[in-house]
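**Student:** One-letter residues, chain by chain:
Protein chains: 2
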Amino acid sequence: MIQRHYSQSIQIGKVTIGGDAPIVVQSMTKTDTRDAAATIEQIRRLEECGCELVRVAVPDLKAAQSIAEIKKGINIPLVADIHFDYRLALASLEHGADALRLNPGNLRDPEHIAAVVQAAKERQTPIRIGVNAGSMPPDEGCQSSAISSTTGIVSRMVEAAMAQIRLLESLDFNLIKVSLKAFDVPTTVEAYRAIASRIPYPLHLGITESGLTLPGSIRSAIGLGILLSEGIGDTIRVSLTDTPEKEVFAAYEILKSLNLREHGPTLVSCPTCGRCEIDLISLAKKVGERLQGVSKPIKVAVMGCVVNGPGEAREADVGIAGGKGKGALFRKGKVVRTLPEEELLSALMSEIEDL
Amino acid sequence: MIQRHYSQSIQIGKVTIGGDAPIVVQSMTKTDTRDAAATIEQIRRLEECGCELVRVAVPDLKAAQSIAEIKKGINIPLVADIHFDYRLALASLEHGADALRLNPGNLRDPEHIAAVVQAAKERQTPIRIGVNAGSMPPDEGCQSSAISSTTGIVSRMVEAAMAQIRLLESLDFNLIKVSLKAFDVPTTVEAYRAIASRIPYPLHLGITESGLTLPGSIRSAIGLGILLSEGIGDTIRVSLTDTPEKEVFAAYEILKSLNLREHGPTLVSCPTCGRCEIDLISLAKKVGERLQGVSKPIKVAVMGCVVNGPGEAREADVGIAGGKGKGALFRKGKVVRTLPEEELLSALMSEIEDL
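If you're matching them up, the sequences are chains W and L in order. Counting from 1, one number per residue, gives the positions in the first sequence under the working numbering. Counting from 1, one number per residue, gives the positions in the second sequence under the working numbering.
Mixed in with the good hints, there may be bad ones.
[Claimed, not checked] Calculated pairs, DSBU-like style, for lysine-lysine (alpha carbon to alpha carbon, straight line, at most 35 Å):
hint : chain 1 : residue 1 : chain 2 : residue 2
1    : L       : K296      : W       : K246
2    : W       : K62       : L       : K62
3    : L       : K334      : W       : K256
4    : L       : K324      : W       : K71
5    : W       : K246      : L       : K324
6    : W       : K334      : W       : K324
7    : L       : K246      : W       : K286
8    : L       : K285      : W       : K285
9    : W       : K286      : L       : K285
10   : L       : K246      : W       : K326
11   : L       : K299      : W       : K256
12   : L       : K296      : W       : K332
13   : L       : K326      : L       : K286
14   : W       : K256      : L       : K286
15   : L       : K62       : W       : K326
16   : L       : K285      : W       : K246
17   : W       : K256      : W       : K326
18   : L       : K326      : W       : K71
19   : L       : K324      : L       : K14
20   : W       : K246      : L       : K334
21   : W       : K286      : L       : K334
22   : W       : K324      : W       : K256
23   : W       : K296      : L       : K246
[Said to hold, decoys possible] Calculated from the model, a selection of chain W residues having no Cβ within reach of chain L, i.e. all distances over 12 Å:
hint : residue
24   : K14
25   : T16
26   : R45
27   : G50
28   : L90
29   : H95
30   : R123
31   : I165
32   : D172
33   : R198
34   : E343
35   : S350
If you are wondering where the hints come from, they were derived from the structure by calculation, not from laboratory data. By construction, the Cβ of each residue, glycine as well, lies at the ideal position given by its N, Cα and C atoms.
The following block holds chain W by itself, in its conformation from the complex:
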């Protein structure tokens, strides 16, 4: 359904980003990078829940050196996140980073960038030009009155990225990925639309500082959802003030909602209403918890009433619908068995195992 915007693919370790490759889910560690053991443990948990690429902060030389140790313990490619000091980028490359993220807002000296590009080119290591609306290069134009308007911010974000893209291209380097993140959703959407029409490089989508789990997921889902539905975006990171595993969960829910990726089961469940005669919310939560152990990309429904529940959830592979003291087990919208309420959950789970 969605016509993907053209981008030329890059390779980060074994992961392809852009072109026809599936949209890649990534996250960032929240451990102290210098603590290799803790960072490896967090990345392994991320791998288990489907994270395909991981970024680590590199605030000092010890963190850059730690990359070599971390790489030994993990299976997904690692991106070093660099701000302020280009020497940390050089050290990260030396210690095996599979890609770099450079912030053009605080890494601007052309000679420093050239040194990093030279080292990255020798290793064929991609660089993400990661613009953040909150840490942009100083505005040197004469249109400073436009800064506070969305249009002004969008054009400054795009120009910050374009300036660094042109610099990398002038150094004959094109293993480029770009991001233009803001907290404001319309600003972020406009910025990505603008850059997508100007460059052939893959785009990394995200909303910065989007907040706590639920509001942050909603904010990210809208911004990333609008862009992905227009075919824009090759890899996504949902930033949440929560565990990185939750970020990966939210990222896959976004991709699944647009039928862009399959990932584990999807739960269809009704909001309940005055028609419902069972404790549906508790039952659905229990099913949700049990499904965390299931990896098959199946659709499971938990519906409040037998009258239209199975019909309304007919796209589900298997489901249950509540009644008065008893309920129904259904497959593809057809009731196959009626059973007491207390047996519904276990009947559903054994049905799922049989699929």
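Assemble chain L onto chain W, guided by the hints.
**Tutor:** What follows is chain L alone, placed relative to chain W:
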């Protein structure tokens, strides 16, 4: 920024839907409608958290009669949700419902619809034609092979709505609102886009059976976010397998993300990374809890580091940024005070009270 799609406004009680009116947030009760006291209590909680319109299920005559009692205890307009039996619509009108929702999938007899329209017209009570992809009228066309495709489902949904719209128009009734809900996000988006170009009536947006809190909010945010960003939609209901208060919270977060409504504080908080030296996730959660008691539409930031935190969150009215053992309090991106970590939360809250 967003150019609103034209719709002619309707009035449900004191609430205007469509035209230039703000996008209305609604929810549905999950109590037994026949239990007026429990339903009133739930609606009052909904009113407190900003719900502007509430729907109740009317599965039988006793539920319809209960509307009169419920109406006495609430301040927002009430919509009666009708399936299967047109007499429940008549009884709901008689007992004071401010609007009706009719499902064209299970209420089809033109004479029955005419009787309801006649009664609604006498009271100038609006009717929502509420199509649900899972409970559509039988497909009588010869293109049944197309049913399973998205295009087929979309055109069946639109046709089901259009048939009933034409019937109401032929009865000289135009106090109409329309919804076309599905679980599949691209299907829902396509259906609303198609109907928006064909009718002048306000649209009620929703994704059906979208599931548990987090995945359901993500799914709803994408579907509703895409449509709202195109100017489509006059009222929204987020359906979650959770309390109706959570539905209202999610609805406002969607509208706030697109700058379509203001509603209480917005928390900007960073995801934390290897640069962070305080327990930011716990701190942000505590701030989030404390903000539940604040009604001012302010932006509050909780950032992991002093180095770029205040700058990255410069659009926040007030914020805190962590350091090593101590942190900073900032306003509009400028640090105004440095203080010990354990005093950050209370300093932030007193700053918020001063705003």
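**Student:** All the hints need checking, so say for each whether the structure fits it.
**Tutor:** Status of the hints after comparison with the structure:
For the proposed pair K296(L) and K246(W), the alpha carbon gap of about 29 Å is at most 35 Å, so the pair holds. A hinted pair counts as satisfied when its Cα atoms are at most 35 Å apart, and K62(W) with K62(L) does not qualify at roughly 71 Å. Between K334(L) and K256(W) the alpha-carbon distance is near 40 Å, which puts this suggested pair outside the 35 Å criterion. Between the alpha carbons of K324(L) and K71(W) the distance comes to roughly 28 Å, so the proposed pair stays at or under 35 Å and holds.
For the proposed pair K246(W) and K324(L), the alpha carbon gap of about 26 Å is at most 35 Å, so the pair holds. Our distance criterion of 35 Å between C-alpha atoms is met by K334(W) and K324(W), whose separation comes to about 19 Å. Straight-line distance between C-alpha atoms of K246(L) and K286(W) comes to about 19 Å, which keeps the hinted pair within the 35 Å bound. Between the alpha carbons of K285(L) and K285(W) the distance comes to roughly 22 Å, so the proposed pair stays at or under 35 Å and holds.
For a cut-off of 35 Å, the pair hint linking K286(W) to K285(L) stands: about 25 Å separates their Cα positions. For the proposed pair K246(L) and K326(W), the alpha carbon gap of about 28 Å is at most 35 Å, so the pair holds. Annotation: proposed proximity of K299(L) to K256(W) holds, straight-line Cα distance about 31 Å (limit 35 Å). Note on K296(L) and K332(W): the hinted pairing is violated, with a Cα-Cα distance of about 47 Å set against a maximum of 35 Å.
Restraint check for K326(L) and K286(L): satisfied, since their Cα atoms lie roughly 17 Å apart, inside the 35 Å limit. As the CA atoms of K256(W) and K286(L) are separated by approximately 31 Å, the hinted pair is consistent with the 35 Å bound. Between the alpha carbons of K62(L) and K326(W) the distance comes to roughly 23 Å, so the proposed pair stays at or under 35 Å and holds. At roughly 15 Å between alpha-carbon atoms, K285(L) and K246(W) fall within 35 Å of each other, so this suggested pair holds.
A C-alpha spacing of about 32 Å is found between K256(W) and K326(W), which places the hinted pair at or below 35 Å, so the restraint holds. A threshold of 35 Å between alpha carbons decides the hint, and for K326(L) with K71(W) the separation of about 33 Å falls inside it, so the pair holds. For the hint pairing K324(L) with K14(L), the CA-to-CA distance comes to about 53 Å; that exceeds 35 Å, so the pair is violated. For the proposed pair K246(W) and K334(L), the alpha carbon gap of about 31 Å is at most 35 Å, so the pair holds.
With a CA separation close to 46 Å, the supplied pair K286(W) and K334(L) exceeds the 35 Å bound. Taking the CA atoms of K324(W) and K256(W), the gap is near 33 Å; set against the 35 Å cutoff, the hint holds. Restraint check for K296(W) and K246(L): the C-alpha separation of about 29 Å stays at or below 35 Å, so the hint holds. Annotated as non-interface, K14(W) keeps its C-beta farther than 12 Å from every C-beta of chain L; the closest such distance is 24 Å.
Look at T16(W): its CB is around 25 Å from the nearest CB on chain L, clear of 12 Å, so calling it non-interface holds up. Against the 12 Å criterion, R45(W) stays outside the reach of chain L, whose nearest CB is about 15 Å from its own CB. Here G50(W) stays apart from chain L, with its beta-carbon at least about 14 Å from theirs, past the 12 Å limit. Distance check for L90(W) against chain L: the nearest CB is about 18 Å away, which clears 12 Å, and the non-interface claim stands.
Distance check on H95(W): its Cβ is at least 15 Å (rounded) from any Cβ of chain L, clearing the 12 Å threshold; non-interface status holds. Interface exclusion of R123(W) from chain L stands, the closest Cβ pair being 22 Å apart, more than 12 Å. A cut-off of 12 Å between C-beta atoms confirms that I165(W) is not in contact with chain L; the least separation is 22 Å. Look at D172(W): its CB is around 31 Å from the nearest CB on chain L, clear of 12 Å, so calling it non-interface holds up.
With a cut of 12 Å on Cβ distances, R198(W) stays outside the contact zone with chain L, its closest approach being about 21 Å. Non-interface status of E343(W) relative to chain L is upheld: no Cβ of that chain comes within 12 Å, the nearest being about 21 Å off. No beta-carbon of chain L is positioned within 12 Å of the beta-carbon of S350(W); the least distance is around 22 Å.
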